[in-house]
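Novice: Sequence:
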Amino acid sequence: MADAQNVFRFGLIGWPLTYSLSPLIHEEFFRSTGLGGEYIAYSVQPERLREKVSELLGSGITGLNITYPHKGAAAGICSELESCARDMKVINTMKTIHGRITGYNTDVYGFSRFIDECSLPEPFFVIGSGSAAMAVDYALHDRHLRYEMYCRNPRNWFGFAPAGKLETVNDALLKVEAGTIVNATTLGWGDDDIFPVEKSLLGDMVFADLNYNSSWNWRNDLHRYGVNTFTGEAMLVHQAAGSFEIWTGVMPGTAAVLDIVRKKLEETKKGCDFS
Numbered sequence: 157m158a159d160a161q162n163v164f165r166f167g168l169i170g171w172p173l174t175y176s177l178s179p180l181i182h183e184e185f186f187r188s189t190g191l192g193g194e195y196i197a198y199s200v201q202p203e204r205l206r207e208k209v210s211e212l213l214g215s216g217i218t219g220l221n222i223t224y225p226h227k228g229a230a231a232g233i234c235s236e237l238e239s240c241a242r243d244m245k246v247i248n249t250m251k252t253i254h255g256r257i258t259g260y261n262t263d264v265y266g267f268s269r270f271i272d273e274c275s276l277p278e279p280f281f282v283i284g285s286g287s288a289a290m291a292v293d294y295a296l297h298d299r300h301l302r303y304e305m306y307c308r309n310p311r312n313w314f315g316f317a318p319a320g321k322l323e324t325v326n327d328a329l330l331k332v333e334a335g336t337i338v339n340a341t342t343l344g345w346g347d348d349d350i351f352p353v354e355k356s357l358l359g360d361m362v363f364a365d366l367n368y369n370s371s372w373n374w375r376n377d378l379h380r381y382g383v384n385t386f387t388g389e390a391m392l393v394h395q396a397a398g399s400f401e402i403w404t405g406v407m408p409g410t411a412a413v414l415d416i417v418r419k420k421l422e423e424t425k426k427g428c429d430f431s
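According to our numbering, the sequence shown is numbered sequentially starting from 157.
Hints may be right or wrong, so weigh each one.
With a straight-line cut-off of 25 Å between C-alpha atoms, the simulated BS3-like cross-links for lysine-lysine are [claimed, not checked]:
#1 K355 / K331
#2 K245 / K331
#3 K208 / K245
#4 K321 / K355
#5 K331 / K321
#6 K208 / K251
Here are the simulated distance ranges between beta carbons [what the hints assert, rightly or not]:
#7 E354 / G405: 20 to 28 Å
#8 G359 / G255: 52 to 60 Å
#9 G255 / E333: 32 to 40 Å
#10 S215 / E236: 30 to 38 Å
#11 G216 / G405: 15 to 23 Å
#12 G214 / D298: 32 to 40 Å
If you are wondering where the hints come from, they were derived from the structure by calculation, not from laboratory data.
None of the values given here were measured: they were computed from a predicted structure.
Just so you know, even glycine gets a beta-carbon here, dropped at the ideal spot from N, CA and C.
Construct the entire structure; sequences and hints are all you get.
Specialist: Listed below in structure tokens is the structure:
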């Protein structure tokens, strides 16, 4: 058993948090690295965010993950932001040292690893405008990969690449031979969600869904039609590993943890918070 003085205390803040895989992931990181620690999820209403962060960090917790809907507001609580988080004004990770809070965004790292692990081909057609889409936009821009963004309200998009209207994505797909469609929206959390891309246009394209609800009919239909599909649990595990390294100085292995997460998803057959 680890010495009490050497036990790390981390947590996750979101609203609502009906179910999350993050505690399981970090428990496996602690086990595999031999570090002692605990990781607890806290469901926190938006109006209580600042108060709860202060309470948790004051209680001895030194690291927090931040998920929906707090990623933007949490950036404003930090004393400083690392470069990626500063550019995006969105964070998913907090670390406190001597009372000062630094904010980070490891979703960018998580998606970059997702690209490599799944060998996702260019060009990328990214659908979404929230914090997940911002992380995808940052990662693709940073790696100088070819991509286009699409969302319902392009005027509200402030990423690196300009966004086209969602209604035009099918026209864009007609002009390319292959590539990757990225779903960076919440479409898929509902079993009967309809995705705004014509299946017949995908051909040899890859479909990368940042959700991981195993019962989503549209995505499962694509899989049955032979479309190469990938889901977001790999990004989830890699962004968690990035946070763990920030907090502990140790980068944990991810392959075994990813296997455990996929097994858990098969057991639960339910959608989980992207956290």
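Novice: State for each hint whether it applies.
Specialist: Quick rundown of the hints versus the structure:
Distance restraint check for K355 and K331: the Cα-Cα separation of roughly 15 Å lies within the 25 Å cut-off, and the hinted pair is therefore satisfied. For the given pair, K245 sits about 34 Å from K331 by alpha-carbon distance, which is inconsistent with the 25 Å threshold. Restraint check for K208 and K245: satisfied, since their Cα atoms lie roughly 20 Å apart, inside the 25 Å limit. For the given pair, K321 sits about 19 Å from K355 by alpha-carbon distance, which is consistent with the 25 Å threshold.
Pair hint K331 plus K321 holds up; C-alpha atoms about 16 Å apart against a cutoff of 25 Å. Between K208 and K251 the alpha-carbon distance is near 15 Å, which keeps this suggested pair within the 25 Å criterion. At roughly 48 Å, the beta-carbon separation of E354 and G405 lies outside the given 20 to 28 Å, and the hint is violated. One distance hint, 52 to 60 Å for the beta-carbon pair G359 and G255, holds here, with the actual separation near 55 Å.
For G255 and E333, the Cβ-Cβ distance of about 55 Å falls outside the hinted range of 32 to 40 Å, so the restraint is violated. For the pair S215 and E236, the beta carbons lie near 22 Å from each other, so the given range of 30 to 38 Å is not met. The given range of 15 to 23 Å is respected by G216 and G405, whose C-beta atoms sit roughly 18 Å from each other. Distance hint for G214 and D298: a CB-CB separation of about 35 Å, consistent with the stated range 32 to 40 Å.
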